[in-house]
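A.B. asks: Fit chains B and C to the known structure of chain A by using the hints.
The listed protein sequences derive, respectively, from chains A, B and C. Counting in my numbering, the first sequence runs without a single skipped number right up to 324 at its last residue. Counting in my numbering, the second sequence runs without a single skipped number right up to 1019 at its last residue. Counting in my numbering, the third sequence runs without a single skipped number right up to 414 at its last residue.
For the record, the hints were derived by calculation from the structure and aren't laboratory data. Beta carbons: idealized from backbone N, C-alpha and C, even for Gly. Certain hints may be false.
[To be verified] A partial selection of chain C residues facing chain B, derived with a Cβ cut-off under 8 Å:
1. T330
2. K331
3. Q335
4. C339
[What the hints assert, rightly or not] Where chain B lies over chain A, by a calculated footprint (3+ residues, C-beta under 8 Å):
5. 163-172
6. 189-197
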Amino acid sequence: MQRLIDRMKELLADGTVQRVLGWKQGDLGYNPEPHYFNSAEELDEFIYDGFCGANLSKYMIKGSELEGKTLVLLKPCDTYSFNQLIKEHRVDREKAYIIGVGCKGKLDIEKIKAQGIKGITAVKGAEISGDCDELTVETVYGEKKVAYKDAMLERCHVCKGKEHKIYDELLLDSVDTCDGDRFECVDELDSLTPEEKFNFFRKELSKCIRCNACRNVCPACSCRKCVFDSNKFDSAQKANVDPFEESMFHIIRAFHVAGRCTDCGECSRVCPQGIPLHLFNRKFIKDINEFYGEFIAGEDAETKGPLTDFTLDDIEPGERR
Amino acid sequence: MSINQEFKPKIVAFCCNWCSYAGADLAGGSRLSYPADVKIIRVPCSCRVNPMFILRAFERGADGVIICGCHPGDCHYSTGNYYARRRMTLLFSMLDYLGIEKERTRVEWVSAAEGVKFSTTMNEFVSAVRELGPNRRLGDLRCKD
Amino acid sequence: MKKFLKSDLNALLDIISEKERIYLPVSEAGQTNYAIYNENSKVDLDTLKTVKSAKEVFFPQSETLYTAFMDGKKIRIAQEELEKEEFVLFGVKACDVRGIEVLDKVFLSEPVDSFYKARRDHGVIVALACGEPEESCFCKAFGIDCAEPEGDVALYDCGDYYFWDVKTEKGTALTEKCASVLSDAEEAPVKEKQEEIRKIVSLLPYMNISLDSWKGATTDEKFNSDVWEELYKPCLACGTCTFVCPTCQCYDIKDYKTKNGVQRYRCWDSCMYSDFTMMAHGNNRTSQLQRFRQRFMHKLVYFPANNDGMFSCVGCGRCVDKCPAAANIIKVIKAFEKEGNR
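One chain only, chain A, in its complex shape (with noise of 0.2 Å):
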């Protein structure tokens, strides 16, 4: 990580850029959040390790309209996203000066909450350096050990791979974490009885509290004004008065981002309720790589997505393939 901060200080000093955009450290040993470095002695309190998971891509649509480069570090799966929204025009690529930082698969603390493990004072084990095996827990009532895979987010369960899809230069090692299949879950729902997928989502919605962190981390929700914020909409946008109103805004919105979605995970990672909201987007990227052929959004900056393009003999609605 020093040569991370090293390089990012060289890049601030010859003015290449003006500002870092990264991640602070938190105060619990796991909860950095993302911040906006000025200058390179702000740059003592600058941390990347394993809990740095927030996808930093959304918050340069703010950062292009600031005054002159800011540097930005991005994951192998954020770059997918920035160049999503490179090609929706919502950032600008001039405006970034991108570092392509190395993964070795980030954590959840609700994983390790989960595992019984409670007033948490540091956590070791998760430096990018280390060879992010076994995390050291410290808490008030001893020290715990998790293994680092059974900490990680699901989306690093099924990362998309090592490789960045844009950046200026590349930095730190990446670990290749995927041991699943991320449409295994969409098969499974899939193969159920409506009642029982009804019943399977009633359930996992009815939590929804309607905080829309989901929305607005997402990086593809980047619309200026979102539909469900509009006053002239005949629902509520603030609350689920009726089981309906969390159906209609789940798939909505997953309908919204059809076709963009790069599948960043960010949206089960900040949802306060635990609700699996990938289930949607990846039902969304399963449906079209089967009816339209292999599509992987943010992959590059300029083809036509699927909802945009068509051809003569697409299937009909209701038809297999």
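C.D. replies: Just chains B and C now, kept in the frame of chain A:
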């Protein structure tokens, strides 16, 4: 299934102004019957149908939703129905994934000359939805009687 | 002091639920929230914090106020009925109990909120001392003792037993109803348990955070600080912090067009949302910085100024746990402390 025979499904049909809406007219003019519970909403193109319209229809008590547009290649705006086809393919597949049976949703291409097709399509669709029974999954309790 | 065997918990809940509803932490689809008890409920008293706080029992996320509908050619209005049945709120932690006190200040002072008051009058609070407080907790900073919660009855988790300490008349009445399960007990194990909890509290990182600079703070000094400029930046403008908060009490009133009328309802609002306090002329807070500042100024400056110094934060730490961008009240307090020392 005696109960199902008495059940009259409420159907919302989004019909393109340039084809199926005229097709419905022709069906009427030719005295071909289709169930009165099919409520037609005229849209300028099948492509105008926003996924929210469909969910809204279910919210407000529809038991099935059908979209009728021009045959691929015949769109008044040349390509609208191609986009609609992709969108609805994905949306209906998603609804099916969430437990809203795929028999409740349908897209059919009906031209202005196909009064017979319009009538048979509606009859078929209504009987398919009747088999499924009322939509209890996407309705809004506040909109019930 | 009374006690009952942990294995008798369901028996106790069954006795109460024969006549009254019980709201208690229930695990559903992997998360614990307050829900009405029934024989199939997965009761979860071990999870320290429910995702949503206990406030939703008295002040639900959304509730209908009245319905206007067409009756022939006339418009009729049906007011929603007020709560008239007794209910029990079971297993509330000390911070949430204080949260309800904060809400009381808002909803029970003139003009009294009749919906809220009816629920408050009929609800009995059975509090539960915290078993294992967590790192995000800072209730002590607000003078709350999580080892000795307020409420009508206080419960203590001691080994095989829950100890039952009656605190008010409402509590006494409930105790009588549950007499068949409860037996007399000595106080020593409770004292021991309390010491144990307090010892853990002394080790937790946020518990001793100082609020001195906020006591009697003037609006100008905090409002105009440059610190906000840095603090708000990670904020995503989602409403997570406000919706999981036990004291956030802002709500919006909206209409819903039903089949033959209009339903007027209110729902929680969030100062993080762009249409918060929207008026005909537009919005008086136009930037996220202003909206972000509003939340913390309200909790730490405006509310205490109007309520004899009572902060409208209780240190439950839910926002610390749940904020997707790790921006939270602790960071605000610490940033101002740093600023003050500069």
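A.B. asks: None of the hints should be skipped; say for each whether it holds.
C.D. replies: These are the hints, each one checked on the structure:
1. Hint on T330 of chain C holds. Least Cβ distance to chain B is approximately 5 Å, under the 8 Å limit.
2. A distance limit of 8 Å between C-beta atoms decides the matter here; for K331 of chain C the minimum to chain B is near 5 Å, and the interface restraint holds.
3. Annotation: interface hint on Q335 of chain C holds; nearest CB of chain B at approximately 6 Å, less than 8 Å.
4. Nearest Cβ of chain B to the Cβ of C339 of chain C: about 13 Å, over the 8 Å cut. The hint is violated.
5. Counting residues of the stretch 163-172 of chain A whose CB lies closer than 8 Å to any CB of chain B gives 0, so the stated coverage by that chain is violated, three being the minimum.
6. Remark: the stretch 189-197 of chain A is confirmed as covered by chain B, as 4 of its residues place a Cβ nearer than 8 Å to a Cβ of that chain, reaching the required three.
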